[in-house]
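Residue numbers (the working numbering), protein chains in the order written: chain R, 1 to 145; chain G, 1 to 145.
Check the hints yourself; a few may be wrong.
What the hints assert, rightly or not - Each pair of labels, with its calculated beta carbon distance range:
1. 120/R to 41/G: 16 to 24 Å
2. 133/R to 78/G: 50 to 58 Å
3. 78/R to 17/G: 20 to 28 Å
4. 117/G to 132/R: 49 to 57 Å
5. 81/G to 132/R: 45 to 53 Å
These are calculated hints, taken from the structure and not from any lab test.
For every residue, glycine included, the Cβ atom is placed at its ideal position computed from N, Cα and C.
Letter by letter, the chains look like this.
2 protein chains.
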Amino acid sequence: MSIKTKQTFTELLETIKQLLGEEGCPWDKKQTNESIIKYLKSESQELIDALEKKDYPNICEELGDVLYIVILISSINKKEGQFSLEDVFREVNAKLVRRHPHVFAGTSYETEEDLAKQWEKIKQQEKHDAKIQIAPTNNNKGNIK
Amino acid sequence: MSIKTKQTFTELLETIKQLLGEEGCPWDKKQTNESIIKYLKSESQELIDALEKKDYPNICEELGDVLYIVILISSINKKEGQFSLEDVFREVNAKLVRRHPHVFAGTSYETEEDLAKQWEKIKQQEKHDAKIQIAPTNNNKGNIK
Numbered sequence: 001m002s003i004k005t006k007q008t009f010t011e012l013l014e015t016i017k018q019l020l021g022e023e024g025c026p027w028d029k030k031q032t033n034e035s036i037i038k039y040l041k042s043e044s045q046e047l048i049d050a051l052e053k054k055d056y057p058n059i060c061e062e063l064g065d066v067l068y069i070v071i072l073i074s075s076i077n078k079k080e081g082q083f084s085l086e087d088v089f090r091e092v093n094a095k096l097v098r099r100h101p102h103v104f105a106g107t108s109y110e111t112e113e114d115l116a117k118q119w120e121k122i123k124q125q126e127k128h129d130a131k132i133q134i135a136p137t138n139n140n141k142g143n144i145k
Numbered sequence: 001m002s003i004k005t006k007q008t009f010t011e012l013l014e015t016i017k018q019l020l021g022e023e024g025c026p027w028d029k030k031q032t033n034e035s036i037i038k039y040l041k042s043e044s045q046e047l048i049d050a051l052e053k054k055d056y057p058n059i060c061e062e063l064g065d066v067l068y069i070v071i072l073i074s075s076i077n078k079k080e081g082q083f084s085l086e087d088v089f090r091e092v093n094a095k096l097v098r099r100h101p102h103v104f105a106g107t108s109y110e111t112e113e114d115l116a117k118q119w120e121k122i123k124q125q126e127k128h129d130a131k132i133q134i135a136p137t138n139n140n141k142g143n144i145k
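Sequences are here, hints too, so could you generate the full structure?
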């Protein structure tokens with residue numbers, strides 16, 4: 001990522017911080033995990049429409065709107081003590097690396113069909129690991145995830 | 001944004017760059033503005049489901065998936081010479097500032113109803129400006145947006 005791109009992203013996050021801060025906008029500040037659903041639906045539909053029409057300036061604009069919703073939902077959940085935007089970045093990064101060992105761990109593949117099988121196998125393993133994580137034990141009863 | 005959050009975002013973008021690079025993943029690399037629509041639909045629906053269930057670890061994970069789709073679509077369009085991720089950041093930032101003069105330009109408001117009216121007025125002005133921008137003139141025939 002170029003320095004200019006990083007700066008632009010930092011500026012965007014600063015704007016959103018101000019928007020959700022003490023002197024921010026009452027509309028944005030009062031959004032919740034429930035209220036935001038209808039905006040997520042409409043913004044993702046607008047992005048789909050722009051993609052279908054190949055309306056490039058509009059694709060760019062709608063990507064920004066969906067991105068704002070993603071950051072806003074992360075902020076709502078940070079305020080509620082659930083997770084932060086940093087957690088979102090870290091988790092998707094870890095998942096991309098884990099699901100692409102042919103790019104990040106030097107494994108080889110013959111065909112794209114093999115790749116699809118490998119992807120499915122990794123997903124199954126993730127589900128299996130998640131089950132082990134949430135199973136109660138003598139030392140740790142309940143959901144530890 | 002904290003330094004750690006910036007680092008995590010930079011790491012994510014580096015991973016995606018590698019994924020879409022020369023030695024990257026054939027599946028991710030072959031996606032287009034058309035092919036990506038079905039994944040955008042399913043990922044945004046999964047985020048909606050997680051929000052409805054208030055499944056916080058899943059909201060975090062699905063936000064990451066939608067974010068990846070946003071960055072992937074931006075990469076597709078950069079490759080096609082349309083716009084970059086930096087353009088997405090810059091445009092949404094400009095729009096947020098433009099639509100919130102009560103936060104960024106010191107204008108005042110009485111009620112939330114006034115705010116909604118102001119928002120609508122700004123949107124109408126944007127549409128008007130866009131029409132002027134794309135109207136043909138003697139010096140510049142056709143779409144200049």
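CB of residue 117/G to CB of residue 132/R, is that within 49 to 57 Å? holds, 55 Å
Within 20 to 28 Å or not, the Cβ separation of residue 78/R and residue 17/G? holds, 27 Å
Residue 81/G versus residue 132/R beta-carbon gap, inside 45 to 53 Å or not: holds, 47 Å
State, for the Cβ atoms of residue 133/R and residue 78/G, whether the hinted interval 50 to 58 Å holds or is violated. violated, 38 Å
Starting from the range 16 to 24 Å, see whether the pair residue 120/R and residue 41/G falls in it by beta-carbon distance. holds, 20 Å
Figure legend: structure checked against the earlier numbered hints; the only hint not met is number 2.
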